[in-house]
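Peer 1: Listed below are the residues making up each chain.
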Amino acid sequence: MNKRVLTRRDLLGRSAAALAAPYVLTSAAIGNAQTKAASERLTMGFIGIGNMGGGHLGGLCGNGQVQILAISDVKRKVAEGGKARVEGAYAGRDGSQYKGCDLYNDFRDLLARDDIDAVLIAVPDHWHATCAVLAARAGKDIYCEKPLSLTVREAELMVQAARRYGRVFQTGSQQRSEGNFRFACELVRNGYIGKLERVNVGIGAPSVDKFLPEEPIPEGVDWDRWLGPSPWHPYNSERISGNYGGGWRHIRDTSGGMTTDWGAHHYDIAQWGMGMDGFGKGPGEIIPPDGKEFKDITFRYPTGVVMQRGGANGILFTGTEGKVEVNRGYLRTWPDSLMKVQIKPGETHLYKSPGHHQDWFNCIRTRTRPVADVEIGASTITVCHLSNIAWWLNRALKWDPVKREILGDDEAARWLDRPKREPYNWI
Amino acid sequence: MRHLLLAVVTVALCVPALAADPTSEQLDKAFKDLPAFKIGANAECVTTIHSAVIQSAKDAARRADLEKRLIAVLKADATDDAKAVACRQLFILGTEASVPALAALLDNPRLSHMARYAMEKVPGEAATQALRAALAAAKDDKFRIGLVHTLGRRGDVKSVPVFCELAKSTQPELAGVALAALARLGGEQAEQAVLAAYPSAGPKLKSAAADACLTVAQRRLASGKTDQARGVYETLYAASSPLAVRIAALQGMLAVSGESGAAILVKAMTDADPRMQGGGLAALRSSPSIPSAALAAELGKLPPAIQPQVVLALADRGQADALPIVLNALKSDNEAVRQAAIEALGSVGDAKCVQTLAEIAASKDKTADAARSSLNRMSAKGCTEAMIDLLKVAKPPVQVELIAALSARNAGEASPALLETASGGDEAVRRASFSALKRLAGPEQAPALVGFLLKGLGDSEAGEAEAAALAAIRRTSDESAQCKPLVAAWPRAATPAAKRSLLRLMTKTGGKEALAIVKTACDDGDKDVKDAAVRALIDWPDAQPIQDVLTLAQCAPDETHKVLALRGFVRMIGISDADDKQMIELYAKAMALAQRADEKKLVLAALPDLPIDEAKAMARECEKDPALATAAKVAVEKIEKAMKQPSRCTASTPDNVQNAVDGNPATRWSTNAAMQGGEWFMLDLGRPRPIKKIVLDAKGSGGDYPRGYEVYVSNRRGDMGPPVVKGEGKGAVTEITVPVRTGRFVKIVQTGRTDGLFWSIHELTVE
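These protein sequence lines map, in sequence, to chains A and B.
In terms of our numbering, the first sequence has 395 at position 395, counting the first letter as 1, and numbering is strictly consecutive.
In terms of our numbering, the second sequence has 531 at position 531, counting the first letter as 1, and numbering is strictly consecutive.
Pulled out of the complex, with its shape left as it was, chain A reads as follows (with noise of 0.2 Å):
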């Protein structure tokens, strides 16, 4: 293992520039996009570089908040080309200083380097869990990508081990760094479109199960260790695939399908906006579509609102005064008025973050909890996984939020975890 070159990074600052560090932290004071001297840099490594973790490698090699140090993934040559990108970037920022990102397939050897503050993982979600978990234990703040779990038992592992070990865990559902997402929540939570009602959710559909033919495993592809803990399956080039449009995310051993990947954003806003979201709170009842009374998943909660997938485009919340409708670049209310509605001091102000990464770097700096902390995270995803659970066994679901546990259905509460293929059991 090659040794830091870059001396320790003072995680609080021990130059006089960094000790104002204001609660309302602004760019001037934690330091923007802008190189900061090497020592004060949060030393990073990441889990995972395929699409999404890819895409937070971009973005990050050119933020001088950070120093990427090491790259984990068991594909040989994606780790690789990250490696290059990483090297490319800093070889002319910090010049002949500069010794390299290393390699590993196992990310636990990643994670045993004391010179390593933070991961961002980007593996698959059957991984997510372990991942995280054993980052906790090691001591690493911790950037997870949505959704956050595979299971439902698994979330409430990640959020004891981040309680545990104290460490700051951002779940990637970036929509709560996007301010009119944060807005269109304040309208509903300080009752601007009067009593909330209902609320419709525009999010794809679940995961299958899929047996895929036998193909012929890359060179560099650690394909055992890239199952990991999820049945085995013999390798296939559209199971190990990242597409969004097909791959492991709609594969039921490996992921939830379009309700977990876009109910992590989608249901997370709603709950946001509805003041569901945390543990101890969430849905009394989930009912899947029965071409009756239900014409798609329904839950209900003990607040009286009832939410529903589909007829939104986002997230559609509906009151007995007005509603509003948000997404990616879109909010419209009902009245139209709603829109220059400024919100007071005295009401419910949400958290209003700088950006995804910046709020994480900002939370590791005052130990505080991110906008998406792993508790959000995970009250997001039990909606997800109680959602597919409802529709694979075409069944009502009765949960309870305090306990979280299913009600008066064993059969349908096995599927609250799955058992791990040996020899990861590692949580």
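Hints in this document: simulated from the structure, not taken from any laboratory.
Just so you know, these numbers come straight off a predicted model, no measurement behind them.
A virtual CB, placed ideally from N, CA and C, is assigned to each residue, including glycine.
Among the hints, a few may not be true.
Unchecked claim - FRET-style restraints, in silico, Cβ to Cβ:
{"#": "1", "chain 1": "A", "residue 1": "408", "chain 2": "B", "residue 2": "286", "range": "31 to 37 Å"}
{"#": "2", "chain 1": "A", "residue 1": "346", "chain 2": "B", "residue 2": "124", "range": "54 to 60 Å"}
{"#": "3", "chain 1": "A", "residue 1": "225", "chain 2": "B", "residue 2": "36", "range": "28 to 34 Å"}
To be verified - These stretches of chain B come out as covered by chain A in the derived footprint (C-beta under 8 Å, 3 or more residues):
{"#": "4", "stretch": "52 to 63"}
{"#": "5", "stretch": "88 to 102"}
{"#": "6", "stretch": "110 to 119"}
{"#": "7", "stretch": "208 to 216"}
{"#": "8", "stretch": "279 to 285"}
Given the structure of chain A, go ahead and fit chain B onto it with the hints provided.
Peer 2: Only chain B this time, still in chain A's reference frame:
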């Protein structure tokens, strides 16, 4: 073709969740085919069996039969892939009956996981015994790892002795899973094994061993065994432990130490390693038992870099003693601490803090911005009132800050006080007051604000006062009453400047009485007042003075007024109630009056709003003039296009809006979502027209008629006013009689609710 084939093959390899319930023949065939199933082949048998499993949830007998058949597959000479499929289904419905068949696979390298996959969920002792037996017989650590994990999940306390032995394994993954299981199971023997393993655990086991110890400690703490928990935490917190473990143990140390934890926390936050300092900071936020005062007393001993964060963390805890600590921190020699304290006052500060913050905001200190932010955010009861009270006595620089804060806080209740400060002796205060009143003032302040315009303010200050007055006036909901404060003030307008201000505002409000004043002022002896009046007349918001404006265009002695009046005339034609014949006559008059190409082009630009043959002819005639040829050609094209599309439509669902007016009953516009109230459809008729009847035809879509409706008619798109008629739809064709209104824009809002039916319009007609 290849993609289509791939799609077909892929579908065949997928198992959709909600396929139809198979017949018994289909199921028999599926079970006949399953034993030979290989991954990559057609998965229809898998789909069929899975559907039957799902559909059988309420049929115990059918379930039992399915389980029996799946067990038979496990025992048969079937492929490994087939047996794995059977295990997947047994995950869903397996009972103790499945145990023997599943147990036989627990040592099968290819199938051990899937057998365990199913068996972990099977309730009852039989499954646990089988797993125990498999563990005892296991020859490979890989199998042992999986079995220990599952037995731990099942809560098998009888496995504790075996786990205690396996925890000593030199294979760290096996030892780790055994320790985790022991910690989960609890009990004296298990806990002792966990605690014994930690000190000597090698690097690859240390993390798992520590985590197991933390689980033990947590359980002891939860059950009130504080001293026993403390022992574990002290071991983990020792300097020899990895940093991550020490940070985790710190939280435990604080939990068991009560108030004396403050000293531990201070030590952590003064540790040489900044990561431990950060761990202390995080622990402070999550440890309500540590008295804030104890930390505050030690604040000065902490590393300077962490002090501001500690102040913020103490404020964040939301405890009653936060405010005194923050106020004390305001006196710190450490600038960053003072800044943090000022920031913290935004969340914990009360009304008594207002003056301090306002004074800091008014100072040139680096913390001024932080103070402003806190003033804007303070939410404790009485803060706004305190700001208003302080306004009366504060020095001007402080007043300016208070005024800005009240504006940012949207504190409309401050308006009366701001009227006072707007009358004060300090210009900066007056300007700040007007700026805030523009945002906050309501109709009740309008007369007073108008009164300022009579006082002879300087030009730029007058401009700010005008803006504030106008904003207040516009908040009067009754449009016809908006001009009243201006009309009331007119007799008191003693100076030309005052009159000009009022005239400028009258042209914004409109109103019959205001118009009368403006007309009279057009003959005022003061040339500046006269000029303001003429301009106000020309810019009048409706077409009431159209004849006066035409007269000005024809006869005004001032050439500038003539040109401006002609422009105003053209504008007013477009918003008048004239019918098509009258409009074209008026445009002809305007064209004849226009001496310059610019004004003629204005007329040409307006003609497309009157898409009739006569307008087209007028535009064509202008093509002969080289100076107008291009503009005339554009006008002709627009008129021709508008003549083909008589109505411009917009709607809440923007797709296919023209289908509602295309004359083709087979096409439709639709909301594509269930009616929930608030959906709308709007027609732009191009120019004001009398409206008597609206017909909404949804015949092609049966029940897609509006369950309730409101109709709005207006000349202004952005201000439709109140509904002119409301009602309920009863059938596929909804005929709405409108009390005769003239307007350019017609908006229909759907107000009812359905569970699934959309609102659709196949054809919309307006008469």
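Peer 1: Determine for every hint whether it applies to the structure shown.
Peer 2: Now the hints, each set against the structure:
no., hint, result
1, 408/A x 286/B: 31 to 37 Å, "35 Å, holds"
2, 346/A x 124/B: 54 to 60 Å, "57 Å, holds"
3, 225/A x 36/B: 28 to 34 Å, "31 Å, holds"
4, 52 to 63, "holds (count 3)"
5, 88 to 102, "holds (count 4)"
6, 110 to 119, "holds (count 6)"
7, 208 to 216, "holds (count 4)"
8, 279 to 285, "holds (count 5)"
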